[in-house]
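K.L.:
What follows is each chain in one-letter form.
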Amino acid sequence: MRVLKNASTSTLWLWGSLPLVLAAIALAAFLYLDPMEALTGNQPPVQNLSIERVELTDDGFTVDVVNAAPEPVTISQVQVDEAYWTFDVEPDSTLPRLGEATVHIPYPWVHGELHEIRLLTDVGMTFSHTVEVATKTPQPTPTRWGLFALLGAFIGVIPVGLGLMWFPVLQNLSEQVMNFVLALTMGLLLFLFVDTLLEGIEIAEHVPDVFQALPLVFLVGLMSYLILTAAGRWGGAADRSTLDGRRWIATAIALGIGLHNLGEGMAVGAAIAAGEAALGSFLVVGFVLHNLTEGIGIGAPMAEDDPGWGRLAWLTVLGGGPAILGTWMGGFHYSPFWAVLFFAVGAGAILQVIVEVGRLLVERAGDDTTIATSWVNLGGVTTGLVIMYATALFV
Amino acid sequence: MRKLLDRWFFSSVSRRDWLRASIASVAGLAGAGSLSASVSESPPQEENEAYDSAPAGPSRMHGQMRTVGSVDPARNGFDPMAMLTDFDYGETSTMDDGQTLREYRVVATDKEIEIAPGMTFPAWTYDNRVPGPTFRCVEGDRIRIEFVNAGSHPHTIHFHGIHSAKMDGVPNIGDGMIDPGDRTVYEFDAEPFGCHLYHCHSTPLKRHIHKGLYGAFIIDPDPANYEGEKREAAKARNHQYPECGEVSEMVMVMNGFDTNFDGDNEIYAANTVAFEFANRPIPVKPDQLQRVYLVNATEFDPINSFHLHANFFDYYDHGTSLVPDRETIDTVMQCQAQRGILEFSFEDFEPGQYMFHAHQSEFAELGWMGFFDVREDAPPLEEMGADLPA
Chain A
1 MRVLKNASTS
11 TLWLWGSLPL
21 VLAAIALAAF
31 LYLDPMEALT
41 GNQPPVQNLS
51 IERVELTDDG
61 FTVDVVNAAP
71 EPVTISQVQV
81 DEAYWTFDVE
91 PDSTLPRLGE
101 ATVHIPYPWV
111 HGELHEIRLL
121 TDVGMTFSHT
131 VEVATKTPQP
141 TPTRWGLFAL
151 LGAFIGVIPV
161 GLGLMWFPVL
171 QNLSEQVMNF
181 VLALTMGLLL
191 FLFVDTLLEG
201 IEIAEHVPDV
211 FQALPLVFLV
221 GLMSYLILTA
231 AGRWGGAADR
241 STLDGRRWIA
251 TAIALGIGLH
261 NLGEGMAVGA
271 AIAAGEAALG
281 SFLVVGFVLH
291 NLTEGIGIGA
301 PMAEDDPGWG
311 RLAWLTVLGG
321 GPAILGTWMG
331 GFHYSPFWAV
341 LFFAVGAGAI
351 LQVIVEVGRL
361 LVERAGDDTT
371 IATSWVNLGG
381 VTTGLVIMYA
391 TALFV
Chain B
1 MRKLLDRWFF
11 SSVSRRDWLR
21 ASIASVAGLA
31 GAGSLSASVS
41 ESPPQEENEA
51 YDSAPAGPSR
61 MHGQMRTVGS
71 VDPARNGFDP
81 MAMLTDFDYG
91 ETSTMDDGQT
101 LREYRVVATD
111 KEIEIAPGMT
121 FPAWTYDNRV
131 PGPTFRCVEG
141 DRIRIEFVNA
151 GSHPHTIHFH
161 GIHSAKMDGV
171 PNIGDGMIDP
181 GDRTVYEFDA
191 EPFGCHLYHC
201 HSTPLKRHIH
211 KGLYGAFIID
221 PDPANYEGEK
231 REAAKARNHQ
241 YPECGEVSEM
251 VMVMNGFDTN
261 FDGDNEIYAA
271 NTVAFEFANR
281 PIPVKPDQLQ
291 RVYLVNATEF
301 DPINSFHLHA
311 NFFDYYDHGT
321 SLVPDRETID
331 TVMQCQAQRG
341 ILEFSFEDFE
351 PGQYMFHAHQ
361 SEFAELGWMG
371 FFDVREDAPP
381 LEEMGADLPA
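Which chain is which? The protein sequence lines are A and B, in order.
When the letters of the first sequence are read in order and numbered with UniProt numbering, they come out as residues 1 to 395.
When the letters of the second sequence are read in order and numbered with UniProt numbering, they come out as residues 1 to 390.
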């Protein structure tokens, strides 16, 4: 192909488009000959109905379903608690690939008890969903919005804000103690990173295979990390030797923690909506203790500076506020797929912050790079992990 | 805090309102039908509405516990209602020694059948129907059955009755399992009289039975063999006598279908289609004796049962006696392959729809439930079946 080395533009266009044209022809031929028919035509259909969401209302159950299999599938009958029950399907009882439908079942469910909903297809395959503890699904009334906001505030805003109130103490620590606190922050964040990632993976297992949620956890997490890193480098924003740079790091930490809290809020909201969590005040106490430490993490990089109460308040909102958003999303319209995405973005954001804090520690060590792994720093990281582990026991 | 949360998130569920609404709707449903006798609010003119309606679709009678839609008998090629009275007497002739010979031909096939509206099951059948044909003969008759296997797996016919080992239709004995495309002949004298069954005995046994290879096998008693009251009883049981013609006879084969093959039935029924006799109640003349040949062909569950509402019946276990084994009972239990004859009447009963079902509530709610529609103008059962393409 050496002859084409200096070819004209039109020749290059030809060579550029030729593979596409040939691919189209090859695909057309493949579809026409249909060798797959001979290979798989005799196999029975593989059906996969994914029950996305079950809402409990005064009129019974409302079930959102997705056809996660390659072939269309028909919902022929419905059982509740091993009894055939009347139902209707919108828009149609036959779902195309990735098609969605809503099944209404007028069933007199019993408050506080377990119910099993089972959809039966045209070939008699069964797809079940268990309502662990039946309770009416919260409807988005103004009171509900307010109550969920209050719950979100308890989970996110209040603990993060209280944690940041230690800022004056952080400002007056000796260099070694400050190193310890930064290392402790890293420990906290390491725990949160693993926790966020695992939550994302756990929820991904409930998403139909066809959406590839598990790979998304890692890929979206990676992209979130790379984009935040690039944003941090842009215009030297994350230069720790400057005031703006340190502020940026604190903001980035708050953002990462905020995304994590969004996910937590979502999980709590969804649990209440599904009636699956025996949510007591103890759980909220656990969240407050657990998330207090997040405030320290946000404040630590700015300890040398005087950010002012306004900035601290803004960081509180950024780090804790998303929990409110999360309880709303989880409580009113929970979608496992979106939950996976938020957890993935959160994990990437936290990873980026861990790297930034790590760099900060290395810089503070100056020329003596061994200090980065000093016993003080290791002790800080370990203490951070232990604190998170211990407070997580409450949740 | 906990109390506060509880109040916020749980107390707003208006359970009381919900309950009230449910009770109201149940009362509404009952008010439209025969149960209204106990619901004083329901206007009397509504009481008779259900009896005047055609035997199709009074699904409101059992509330919302039901399947949605209807099964087309023409598509299946068989009708559970017609199966009640569809007796196959075979090709009858007299042999040289005077013994009656009944000849049958049975073909095993693979066939997709609809067992609930919109739900199909890949069945194995005798003569394209589940349950298979109801063979009926008289004790002492010579039975000759040509069995052709047009299915995709080896099958047999194993009769519950008295016969030689090589006619037993079990693997490795006599002709053993009949391969696809092959044929065999089962021949024996019909003994003893009673309500029996036959089924495939190929291995794996559970699979061959629950796929649909079973049916009723009824041997009528011969009055000539009995004296006095027993002779009269035998006449009322023998299809060749007018005494028997006065009885409304029906065959119910209790069966189940494991549509997702997890060893647990998704459908229970009498004569295959879930809720068939709830959607199309069986017409009953109040002054006519009713006789149910009840056969338990349910797979996986050790027992099945029959419970009659508001009435009692006499029960002849296996149908092998001319006096009832149990008198005046309203529930009978049968283990797998157990069968018997139920006799009852609705004489002097108020017209209305009287429920019958398995008294395993689970089976009832999964399809094994129906109604007797007791009314003076009830048509003969034989006229109830759908017109099917030949």
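One thing to keep in mind: the hints can contain errors.
What the hints assert, rightly or not - Chain B stretches covered by chain A per the calculated footprint, using a threshold of three residues with CB under 8 Å from any CB of chain A:
| id | stretch |
| --- | --- |
| 1 | 106–119 |
| 2 | 363–371 |
Said to hold, decoys possible - One side of the interface only, derived from the structure: several residues of chain A facing chain B at Cβ under 7 Å:
| id | residue |
| --- | --- |
| 3 | Thr86 |
| 4 | Val89 |
| 5 | Val131 |
| 6 | Ala134 |
Unchecked claim - Footprint (simulated), chain B over chain A, 3 or more residues, beta carbon under 8 Å:
| id | stretch |
| --- | --- |
| 7 | 63–77 |
| 8 | 186–196 |
In short, the hints are calculated from the structure, not lab data.
Each residue gets a CB set at the ideal place from its N, CA and C atoms; glycine is no exception.
K.L.:
Indicate, hint by hint, whether the structure satisfies it.
P.N.:
Status of each hint after checking the structure:
1. 106–119: Holds, because 5 residues of the stretch 106–119 of chain B bring their Cβ atoms closer than 8 Å to Cβ atoms of chain A.
2. 363–371: holds (count 3)
3. Thr86: Result: holds, 4 Å to nearest chain B Cβ.
4. Val89: Val89/A check fails; min Cβ-Cβ to chain B is 9 Å, beyond 7 Å.
5. Val131: violated (14 Å)
6. Ala134: Violated. Min distance 9 Å.
7. 63–77: holds (count 3)
8. 186–196: Contact hint for the stretch 186–196 of chain A vs chain B: violated, 0 residues under 8 Å.
The structure does not agree with the numbered hints 4, 5, 6 and 8 stated previously, though it agrees with the rest.
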